[in-house]
Amino acid sequence: VAIGAILVTNLRETGTLDKKLAAVVVLLVCTYVMSFAWSWGPLGWLIPSETFPLETRTAGFAFAVSTNMLFTSLIAQAFLTMLCTMQAYIFFFFSGWIVVMGFFVIFLLPETKGIPIDSMVESVWMKHPVWKKLF
Numbered sequence: 131v132a133i134g135a136i137l138v139t140n141l142r143e144t145g146t147l148d149k150k151l152a153a154v155v156v157l158l159v160c161t162y163v164m165s166f167a168w169s170w171g172p173l174g175w176l177i178p179s180e181t182f183p184l185e186t187r188t189a190g191f192a193f194a195v196s197t198n199m200l201f202t203s204l205i206a207q208a209f210l211t212m213l214c215t216m217q218a219y220i221f222f223f224f225s226g227w228i229v230v231m232g233f234f235v236i237f238l239l240p241e242t243k244g245i246p247i248d249s250m251v252e253s254v255w256m257k258h259p260v261w262k263k264l265f
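Per this note's numbering, residue 131 is the first one in the sequence shown, and the count goes up by one each step.
Treat the hints as calculated values from the structure; they're not laboratory data.
Careful: at least some of the hints might be erroneous.
Derived EDC-like pairs (lysine to aspartate or glutamate); straight-line CA-CA distance at most 16 Å [what the hints assert, rightly or not]:
hint : residue 1 : residue 2
1    : 262       : 241
2    : 263       : 248
3    : 257       : 241
4    : 263       : 252
5    : 243       : 180
Estimated spans, in silico, between C-beta atoms of each pair [claimed, not checked]:
hint : residue 1 : residue 2 : range
6    : 252       : 139       : 52 to 62 Å
7    : 256       : 222       : 34 to 44 Å
8    : 152       : 186       : 46 to 56 Å
9    : 200       : 265       : 21 to 31 Å
10   : 152       : 247       : 23 to 33 Å
Computed from a predicted model, the values in this text were never measured in an experiment.
Beta carbons: idealized from backbone N, C-alpha and C, even for Gly.
Construct the entire structure; sequences and hints are all you get.
Spelled out as structure tokens, the structure:
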């Protein structure tokens with residue numbers, strides 16, 4: 131959000147950033163990349179490996195990885211068009227998706243700490259208020 135705010139407010143007037151603001155934007159982008167790699171980035175690999183029961187783990191993990199790669203490809207293909215269309219507002223677009231991901235984790239992703247993989251369905255998914263409807 132800070133990157134988008136800096137770019138939206140400062141690029142409108144002159145179309146350029148002064149060197150100090152450009153350095154701040156680069157620093158914020160680097161901070162975001164490091165934070166994402168440390169926090170959200172590995173979750174696409176970690177969560178499927180812990181949540182699927184042993185009987186369906188291979189197929190479930192393959193589906194999760196394929197879906198992850200498909201959407202990564204779609205975002206990569208659409209990014210330049212989105213950037214040209216949305217300009218600096220693209221940072222607000224992706225910030226909104228981070229909020230959506232946060233709500234997903236808070237309300238739909240159960241805690242699996244200390245639960246053996248063998249009892250994942252009975253101990254986690256069948257007790258969750260939303261997911262128990264599917265099992």
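Report task. List in ascending order the numbers of the hints, as given earlier, that are violated by the structure. Result -> As far as the earlier hints go, 2, 10 are violated by this structure, in ascending order.
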